[in-house]
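*Asks:* All residue numbers for the sequence shown refer to our numbering, where the first residue is 916 and numbers rise by one.
If you're looking for bench data, these hints aren't it; they were derived computationally from the structure. Don't take each hint at face value.
Said to hold, decoys possible - Lysine to aspartate or glutamate pairs mimicking EDC-like chemistry, simulated, CA-CA at most 16 Å apart: (1) 1060 with 930; (2) 1043 with 946; (3) 1060 with 943.
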Amino acid sequence: AVTIGVRETRRIVGEYTLTLDDLASGREFDDVIALAGYPVDIHSPTGDGGGASGEWQTANVYQIPYRSLIPIKVEQLLVAGRCISATHEALGAIRVMPPAFAMGQAAGTAAALALEYGVSPRRVPVPKLQRVLINQGAYLGERVKARLEVTTS
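Assemble the whole structure, with the sequences as input and the hints as a guide.
*Replies:* Written out as structure tokens, the structure is:
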């Protein structure tokens, strides 16, 4: 590339730290707020043009939990994109724009719900957040959709 692109930055320590194992196993989270499918994209630190994409595999689709957007020691704050609570390897997959957009939508929606309910972001009812995200057009998987339909009928 002609210019330097920063791939990694400061990250919070959140209520949950997303890991490569979570992405590789396709772990399902009760508090899922986004789905993604980008592979781990970490370049060699030696600058030899090599990459580690073959070293770390992810499931075709993996989930991002709401708890990874919530800092453990800071109230009234949500983060999204490259700043969420994730390991270096997991960040190599979730740092790209589509997951960042989805996390931003979830964070903004959660902030609005926190105001509506008069609670901190960590106290936002996750099923309500998921229901609103789905109504906005987000896809969180068939199991979440089915669970929400069952609990709301």
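*Asks:* Take a quick look at whether residue 1043 and residue 946 sit within 16 Å of each other, Cα to Cα.
*Replies:* Between residue 1043 and residue 946 the Cα gap is close to 11 Å, so the pair holds against 16 Å.
*Asks:* When you check the alpha-carbon spacing of residue 1060 and residue 943, does it fall within 16 Å?
*Replies:* holds, 13 Å
*Asks:* Could you grab the alpha-carbon distance between residue 1060 and residue 930 and see if it respects the 16 Å cut-off?
*Replies:* violated, 24 Å
Taken one by one, the earlier hints fail for this structure only at number 1.
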